[in-house]
Amino acid sequence: MRKLIIKNGIVVDPVTKTEIKRDIYIENGVIKDFPREKTIKGAETLDAKGLIVLPGLIDMHVHLREPGFEYKENIKSGMEAGVAGGFTSICCMPNTNPPNDSKSVNSFLLNKAKSINLINLFTIGAVSKGLNGASLANIGELKESGAVAISDDGNPVDDSSLMARALLYAKTFDLPVISHSEDIKLRGKGVMNEGAVSQRLGVAGIPNIAEEIAVARDVLLAKYYDARLHIAHVSTKGSVNIIRRAKKEGANITCETCPHYFTLSEDSLLNYNTNAKMNPPLRAKDDVLAIKEALLDGTIDVIASDHAPHSEDEKDTTLDDAPFGIIGLQTSLPLTLKLYREKRLTLTDIAMLMSLNPANILNLGNRGGIKNGFAGDITIVDINKKWVFTKDRIKSLSKNSPFIDMDFVGLPLYIVVNANLIKAN
Amino acid sequence: MSFDKKDLISINDLTKSDIYYFIETAKEFKKISLKDIKKVPTLRGKTVVNLFYEPSTRTRSSFEIAQKRLSADSLNISISQSSVTKGESLKDTILNLESMKPDAFIVRHHESGASYFISKITKASTINAGDGMNEHPTQCLLDIMTIMEEKSDIGSLKVAIIGDIYHSRVARSNIYGLSKLGAEIYLYGPYSLLPRFKDSRNVKIARSMEEAVKNADVIIMLRIQKERASYYFIPSIEEYRNFFKLTPNLLSLASKDVIVLHPGPVNRDVEIAGSIINENKTRILKQVENGVAVRMACLYILLGVQKN
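Residue numbers (my numbering), protein chains in the order written: chain W, 394 to 818; chain X, 9 to 316.
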């Protein structure tokens with residue numbers, strides 16, 4: 394497909410902030426204004442009548458587990474889950490084995506993605522060598538070999554001095570630092586949110602402040618050093634308040650939340666459900682509300698899935714023993730569309746949160762909009778389609794989701810990426 | 009022209025015309041080093057104590073040679089064989105040496121402000137030969153002298169200073185001295201090794217090596233210390249070499265009459281390509297030669313000129 398016309402869809406463009414029924418034209422993977430002559434020779438046409446045309450969705454927080462943990466997920470299965478979730482680009486975190494702290498791992502990932510040739514893969518390199526928090530990774534080398542950000546996601550950077558210099562050093566290369574903000578000692582052996590539910594279940598809790606202390610520290614560091622910081626998976630009201638205030642004061646920070654933090658609360662763990670165990674944990678109802686408000690007022694810039702596959706065997710155990718994390722690529726958009734139906738978010742908001750903002754934060758080059766000259770990455774969604782998220786629909790190698798068998802409304806039907814029209818569902 | 013301060017601690021102790029006075033004086037003294045008999049009686053009967061708390065090759069030998077050529081009596085305190093190793097404080101060391109009536113202390117110390125501290129407790133002139141990461145004023149003067157031998161007007165020059173600016177006393181003195189003379193200064197290095205606060209209008213932080221070097225008339229490369237990697241300032245020497253080394257390609261972006269300086273000691277192929285040095289594109293040895301003349305001038309101005 395070198396030429397594609399998508400007809401009759403409602404085109405949502407967050408760059409111009411428009412939602413208009415119009416046709417769009419993609420030539421060699423780039424969005425183009427329609428040429429003056431009415432007929433374009435040799436163009437394929439897709440009728441998107443009754444469908445929503447979004448700029449290709451970008452998930453900036455995904456764990457693909459390759460290399461090292463291919464029994465949980467690999468680049469190909471992760472990409473297939475991305476397709477089914479409506480994503481044209483995904484960004485993988487570096488906590489693999491070996492971790493992505495060098496050119497060789499980074500190039501391996503990008504070359505493999507290229508050979509699979511399905512959707513775009515962008516890589517996030519490590520902050521510290523071996524993710525061990527003891528010395529800086531070769532950040533310039535990571536950028537040069539294609540990394541779009543650095544993060545020690547999963548292992549918070551405990552040492553404030555290392556975090557400070559990571560922010561400064563990364564600034565030299567204009568790379569954002571993505572922080573998994575958590576006071577790891579305060580989390581201790583906690584497995585879920587600390588509160589009435591953890592008390593009732595008799596399990597160790599993770600207090601809100603384990604996140605908030607670290608968010609406050611990282612925000613202060615970024616402000617002081619005037620460096621680019623993106624805070625991953627914000628889950629508490631307190632974190633939102635800290636970030637909101639810092640943004641008001643002009644700090645150069647952005648943040649993301651994940652669909653589960655505005656959908657579920659700690660109550661999901663009442664039956665010791667290991668598929669509702671993730672870090673940060675599902676929080677109290679107050680926090681869920683605060684996250685929704687922060688999405689509405691722009692404090693939160695991005696919705697990312699924190700797609701974290703773990704095998705069924707690993708999750709089929711006690712709450713204490715099970716690893717943190719849930720898959721999210723296929724449920725991210727449907728869960729976000731719930732906020733649209735609740736009239737909290739517009740489709741333009743969703744296009745910002747799931748496409749334009751991540752593209753801008755990670756500097757993904759002319760992505761996130763539907764305008765002449767932008768990459769021809771498109772997600773076409775039937776926002777009224779009723780469907781059930783059954784286990785056999787899951788494309789990931791892992792099935793660890795608290796949303797299995799849930800009814801959803803809204804499903805991506807097609808994506809367009811790298812000059813290919815791909816059926817998503 | 010005269011200079012009536014007792015000490016030379018910071019390049020900021022000197023006005024613009026003081027700087028030119030020191031350089032003009034150094035030019036005269038440079039001639040002595042080119043003669044067959046390299047000695048004049050100017051500082052006969054003066055006693056100079058060289059107090060080096062830190063290793064030094066260039067600065068120390070250059071000061072000693074300057075003293076010998078001016079006929080001063082030199083005393084070299086070797087810290088490792090002194091009472092400092094028995095726990096004597098800096099203050100007591102100076103007060104005891106002071107009793108022997110020296111005319112000058114030449115001080116190199118690993119702590120910023122040490123030379124200033126000494127200057128306040130002695131009647132002798134104190135010359136700062138490098139204090140911690142603070143200043144190295146005689147290095148600045150010899151760099152200016154080296155530049156002035158090839159460039160007529162420092163006020164019209166673009167000077168790039170590249171590397172570990174944050175820890176460099178050479179960079180700090182050069183930033184103060186060269187900006188006082190009106191040069192436009194571009195600093196470049198990883199942000200973790202750049203100064204955090206702006207203190208001169210003439211100083212800009214470049215966003216890339218290319219921007220720093222482009223059309224530069226003078227490039228001053230600084231040494232990167234290997235131990236910086238262990239305190240998170242840089243990831244590794246390999247990475248430093250890949251992104252912050254002056255290469256022949258980068259050098260070709262500079263003005264065609266560019267001169268490259270380096271205060272030494274050089275880590276070849278870490279901060280600067282060895283080939284740039286081998287092909288005589290630097291003025292490193294010229295700097296060392298001028299170092300003797302500048303230090304003769306400093307000693308002469310502080311000790312030899314009759315003061316009121």
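Since the hints were derived computationally from the structure, they do not count as laboratory data. A quick note: this is a predicted structure, and the numbers were derived from the prediction, not measured. There may be inaccurate statements among the hints.
Not the full set, but computed from the structure, chain W residues with beta-carbon under 7 angstroms of chain X [to be verified]: (1) Gly533; (2) Arg558; (3) Leu561.
Note that CB positions come from ideal geometry on N, CA and C, so glycine has one too.
Hints violated by the structure (listed by number, smallest first) = Every hint satisfied by this model.
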